[in-house]
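Spelled out from the first residue to the last, the chains are:
4 protein chains.
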Amino acid sequence: MVVIMEVGAGKRQIDDVIARIRSLGYDVHVSEGRERVVIGVIGNERPPDPEPLSLMAGVRDVVRVSSPFKIAGRDYHPEDTTVRVGGTEVGGGELSIIAGPCSVESRDQIVETAFAVREAGATALRGGAFKPRSSPYSFQGLGEEGLRYLAEARERTGLPVITEVMDPQAVPLVASYADVLQIGARNMQNYALLTAVGDSQRPVLLKRGMSATIEELLMSAEYILSRGNMRVMLCERGIRTFETYTRNTFDINAIPVLKRITHLPVIADPSHGVGKREFVGAVALAAAAAGADGLILEVHMDPENARSDGRQSLDPRDFAALVRRLSLVAQAVGKRVSTMAEPVRA
Amino acid sequence: MVVIMEVGAGKRQIDDVIARIRSLGYDVHVSEGRERVVIGVIGNERPPDPEPLSLMAGVRDVVRVSSPFKIAGRDYHPEDTTVRVGGTEVGGGELSIIAGPCSVESRDQIVETAFAVREAGATALRGGAFKPRSSPYSFQGLGEEGLRYLAEARERTGLPVITEVMDPQAVPLVASYADVLQIGARNMQNYALLTAVGDSQRPVLLKRGMSATIEELLMSAEYILSRGNMRVMLCERGIRTFETYTRNTFDINAIPVLKRITHLPVIADPSHGVGKREFVGAVALAAAAAGADGLILEVHMDPENARSDGRQSLDPRDFAALVRRLSLVAQAVGKRVSTMAEPVRA
Amino acid sequence: MVVIMEVGAGKRQIDDVIARIRSLGYDVHVSEGRERVVIGVIGNERPPDPEPLSLMAGVRDVVRVSSPFKIAGRDYHPEDTTVRVGGTEVGGGELSIIAGPCSVESRDQIVETAFAVREAGATALRGGAFKPRSSPYSFQGLGEEGLRYLAEARERTGLPVITEVMDPQAVPLVASYADVLQIGARNMQNYALLTAVGDSQRPVLLKRGMSATIEELLMSAEYILSRGNMRVMLCERGIRTFETYTRNTFDINAIPVLKRITHLPVIADPSHGVGKREFVGAVALAAAAAGADGLILEVHMDPENARSDGRQSLDPRDFAALVRRLSLVAQAVGKRVSTMAEPVRA
Amino acid sequence: MVVIMEVGAGKRQIDDVIARIRSLGYDVHVSEGRERVVIGVIGNERPPDPEPLSLMAGVRDVVRVSSPFKIAGRDYHPEDTTVRVGGTEVGGGELSIIAGPCSVESRDQIVETAFAVREAGATALRGGAFKPRSSPYSFQGLGEEGLRYLAEARERTGLPVITEVMDPQAVPLVASYADVLQIGARNMQNYALLTAVGDSQRPVLLKRGMSATIEELLMSAEYILSRGNMRVMLCERGIRTFETYTRNTFDINAIPVLKRITHLPVIADPSHGVGKREFVGAVALAAAAAGADGLILEVHMDPENARSDGRQSLDPRDFAALVRRLSLVAQAVGKRVSTMAEPVRA
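From first to last, the protein sequence lines are chains A, B, C and D. Each residue of the first sequence is one higher than the one before, counting from 1 in our numbering. Each residue of the second sequence is one higher than the one before, counting from 1 in our numbering. Each residue of the third sequence is one higher than the one before, counting from 1 in our numbering. Each residue of the fourth sequence is one higher than the one before, counting from 1 in our numbering.
There may be inaccurate statements among the hints.
Said to hold, decoys possible - What the simulated footprint calls covered on chain A by chain D, stretch by stretch (three residues with Cβ under 8 angstroms from a Cβ of chain D suffice, anywhere in the stretch; the number is not a length):
#1 178-191
#2 312-326
To be verified - Subject to a maximum C-alpha distance of 20 angstroms in a straight line, what follows is the list of computed SDA-like cross-link-like pairs (lysine to any residue):
#3 A/K276 with B/L328
#4 A/K276 with B/E94
#5 D/K335 with C/G334
#6 A/K335 with B/L328
By construction, these hints were calculated from the structure, which means they are not laboratory data. Think of the CB as a built atom: it goes at the ideal place given N, C-alpha and C, for glycine as much as any other residue.
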């Protein structure tokens, strides 16, 4: 349940409403918007009787939110949320392009790749320093060393950095280097981690679990939002189905569905969504046409020799060509590819 | 295995090769192209030794086709196949739009809808006369009466007609009215039916089964192709997954995958693929951006009162707006929406 | 909707009710039980107002059946249905064992196998004469020749014969040889075929489609039942999931679910359900423990050289050992393995 | 790769082999069995050349393990592993029964339930103190208070306690109260957590993720095993499929598959596997018949009023009846239900 205060409701009225809700045994989440204050009622599964609350001074409306997610829903926040990442806004009607290698492999590799993707049109750099791997015997990433290289690549190119965090204890460390914290598909329901990134107040890119429903994705976003961190971007990255020709099945339906039911920006990850380089471009164009706010793409200087996910990485040339095609499709649906405002450093 | 004859190989050389293959216990499928003859070797699962065949007079090459589909594959036929439907070609670099109601409900309904979709840009009319319904107690379609109304709509609008056939015995009847025979998802592996439409020599729209792999779809196409009917169009219409928010999960990956491995035209059915009207447009745009050769869309004059599938049908106004947006996306990926050459009758 | 007549309601009362229902635009399905008559109301999706019917003479009750299947449900027929197959009843509290090869390959093969499985405890013989194969280039079965061999095996062993039919036109032919008509998984929603076997009045073994829900399986059974053929046995044979280690995922949950919601006998097919010989026994024991009324098992004299499905076939020795273990598990859950009443011929 | 030493190989020989492997850039995992020492070679994806190692003194064999899991596989450890839990062994040919509520709700509730399940035949008590919930607004468990109540229930009944841990930082706390640490399905690929419980040296019950393959489950087990913690029990708890009638699809196939490819004990969770109380018994019997080493069952004194998962919880009476039936099925497959050796305290 969500209590929407009048424009201009005073602090005392707001405090009274909060006190009343708490006296009924519920917790509150207060969202102070530019125009008005909205109070989320958080508690066990049955919400309180809306009528007494709706009669209180300063209350404009009490909305019973029937969906299991509250703050993530358009009932609570009808307009699109935008998230500032570096110098650009994600979610504000443009198409943001995030690119970089699956794993940070060396200083030279990440810096070189950062320049290449910036040149081609990316406005953020991705790269894994802590890698979740099915096998304990596979390369697990460079760890903090990888984070330092990412920071160096940002320093030199101006691209903000997005990287995965897998352990709640590592959140402060990763947040000290990264602009955006990524929650991977395997951790979509790792609630300790969601709570930790919620508390970090950093922008978060939350990937859909490989067998998570759209509703479960929003519930996981709700874990972050309910800690007061509103800077959440959702990422469709393919779901697990019976089809084995492709690595995953990119759920294109999820793009318009999410755009309708949530105000949070929606990013598409065609690299994982299809898993084979030769199909990544088509799926990227499709996601842009379907209304995605951004794309995250794996780009490697030498995909054949990548330490992970080479099979689905584009080389810089193919990436640049794809950005040009994305630009045309974005225009066709009334958008444009996001560009960096500040002068490029080199 | 496929035996490719030299350009100019004589009838006798061809007959000798066929005789040799038969003497080894295999059957043949002879494809007489404009330039050369190609002979498919059909038999149990182990193909014959290619060497003796490759040494015969007039033989240019013997290709071992490792994929389980042969005639459907690009190994066998590298260029795109186009299928003539009414006055237009499907698969020739344009985007064909097929539209109409789920079910033919009355003469007026189908004629009125045909004019509306033609006006908006469709080049073929869809409509079900025989409806596969999960329940024996649901509306099963108007049957032959529905076919007559479809033919009348074609007569009046010039739009070729595509309609489903479910029973091998009904193929001659349906073929006597329809331009294209549709095989529904539930019948993708109904081999008696595939054989019957193969023998009909009519163009066929083959829908992917709701849990069929891409490879199985091509194997079912192979049943039709192996009867010598080369006019097969494939249709991605969503697969069954754990996600319940949408009716099916439209497999956008299948579009570029099919375009790469088969020469047959690929049609997308966003109406079934997502199953809710408000998301059909976004998925249609995505399919066009991903490289589909055509779209098949459910359009109803009054979706709220449709006898079937109203939930996923567009009204003519939304359909017309979508065609305009499709036109822009088609341009962005180097195509254009197919239009009818002949003067419109009314 | 189902109208339940009083015990002893007269023919005239029954006819009046039928006439009233028909006058409202509905069709009827009349079930004349030993005690009373039950009338199923068949029509479009909205049932008639129950009250006027409930006031008619001879009517005991009008039950609104909320589930989409009517005759298949326990609301309509609370007690277990049994189906006579040869000299035994399937579904009457015993565990029936059906066994035989995937395909009939020769007269000797099927006769020899029939003796072997009868010796080990089977009460019916399975064997495919018409084989649905994904590829048009694979062995498609011996056709009518295979049916003749099956009939000969029955003649010599006394085992009733169950075999698949794939084409509505072939139903009379197959029914002239077989005791039970099998509908394969690929044809579970082939409505022309369901109607044809419904009209044949032969017992039917209906296999669940590989991505069909339990409810859809019952709706397909309803197609057969609504033609007045009550001798339907359902078969769980594994569903398609993301797991690739096994051929399918045997849905053990479906056994108790079906036993609760339908009165029809439930047969388990562990051979297809798991797809690898070494796991078939464990899944068979599981299905028996979960309450299946019978098992259908692939047995081949020489699995390594089977023309189809050798990977999942047991040899006669392993089959005999499994029957002994099944007997113990059946006892543990209060059943016994079904045995043939008549003296064995040889 | 695994190096198997001769029976009686000396410490020096073993140390030499280890030194050689390390000099090649690999890590080792040394398993000192009762008879002989086995050395796992852990490293990047390409193993070393086996020949030089096989020629070293004391080496009996060098086994290239082709499967991606090593220590979890039967190649590495052919005999069944048993895990001591309280006074009983899990995995030693008996059927262990673990039971208790989904959540610890109060001291009285857990103590009363513990007595009830022990009375009925359980040898371990389950109960959640930290609950993973899809919604941040649902009951999250009593936390440490719940752990204290579980410990008190153990104190009074003698039942060892198994409870979930969700956060790596909480492992020491949970391990200070619990006998077995449970990793829930959502955390099966939470590698920080797997590493933490690996280091804890406590027995671990690892649940299969809802869309994890059997191989991925074993890879996650490998994370724990590779920390030297060999006391891992695997738990099949149902996978996510398209079927919506049941909460999950219990993968019965996984039981015999796991028993064949791994030496670790396999526990079945029919409560989550089917998700509706009325079907739990049938699935439990099936799992026992299929060869499970144990069952974990949700039991609540008053399922209708449970704070979580009431829909799938048995009451003590139904649980006791089920244990009696399980005992019969266990006997039928040559096992017996595990019982507590020590005198019952009260």
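Evaluated hints:
1. 178-191: holds (count 5)
2. 312-326: violated (count 0)
3. A/K276 with B/L328: The hint is violated at about 28 angstroms.
4. A/K276 with B/E94: violated, 26 angstroms
5. D/K335 with C/G334: holds, 18 angstroms
6. A/K335 with B/L328: holds, 12 angstroms
When the structure is compared with the earlier hints, violations turn up for hints 2, 3, 4 and for no others.
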